[in-house]
Amino acid sequence: MMDATAAARFERAILPHLDSATTLARYLMGNTADAEDVVQDACMRAIRYFASFEGDDGRAWLLAITRRVAFDALRTRRDASLVSLDDEAAEAVAPEAAATHDGDATLDWVALEGAMAQLPPAWREVIVLRELDDLTYAQIAAVTGAPIGTVMSRLARARQRLRALLATPSTGSRA
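Going left to right, the sequence shown walks through residues 0 to 174 as numbering that gives the first Met the number 0 numbers them.
Simulated from the structure, these hints should not be mistaken for lab results. Idealized CB from N, CA, C, for every residue including glycine. Honestly, I wouldn't trust all of these hints.
Claimed, not checked - Per label pair, the in silico range of CB-to-CB distance: (1) G113 to R74: 23 to 31 Å; (2) W108 to R8: 31 to 39 Å; (3) Q39 to R74: 14 to 22 Å; (4) A3 to V109: 41 to 49 Å; (5) D18 to R67: 13 to 21 Å; (6) A3 to R74: 31 to 39 Å; (7) A116 to D2: 38 to 46 Å.
Using the sequences provided together with the hints, build the complete structure.
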């Protein structure tokens, strides 16, 4: 168990980032109930291993734990297509389209959610971490364990694929 000083440090360093962990988990797991389970497990692990936490970036540390717990849960489901982190496999699942989205200023959140769900997890997570959580490339690299160049590549591919999916009237289905 944590002493009072460690508990106070945990509250300052980790608890403010629960919303970010929940957002990441929801996009990776595909539903709120599973995301809540993942975040709860991630918090339990964070408490258990908090003594090993060194540094100032509690958000990146919690998100890295959340990511590992989510991918462990997806692997448990034995759905290998959902947990591939290989960029080549991701491109086979979601080939880059030539379509672009000039877009209007209005964002269709339902279409965005549908398009995000079609991205491979490796691409979906970098979009969430960069665009929703506003992490830097270095922070995303720390969370995912991928080199910064890979993070940049995944982010570029994810953005391009999202534009293509959102430009397609039925959110990605092709004739």
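Hint by hint, here is what the structure shows:
1. A C-beta distance of roughly 24 Å is found between G113 and R74, which places it inside the suggested range of 23 to 31 Å.
2. About 37 Å separates the C-beta atoms of W108 and R8, a value consistent with the hinted range of 31 to 39 Å.
3. Checking the proposed 14 to 22 Å range against Q39 and R74 shows it holds: the Cβ atoms sit about 18 Å from each other.
4. Between A3 and V109 the Cβ separation comes to about 46 Å, which falls inside the hinted range of 41 to 49 Å.
5. Checked against the given bound of 13 to 21 Å, the beta carbons of D18 and R67, roughly 19 Å apart, stay inside it.
6. A beta carbon spacing of about 37 Å between A3 and R74 agrees with the range 31 to 39 Å that was offered as a hint.
7. Between A116 and D2 the beta carbon distance is about 43 Å. The supplied range of 38 to 46 Å therefore holds.
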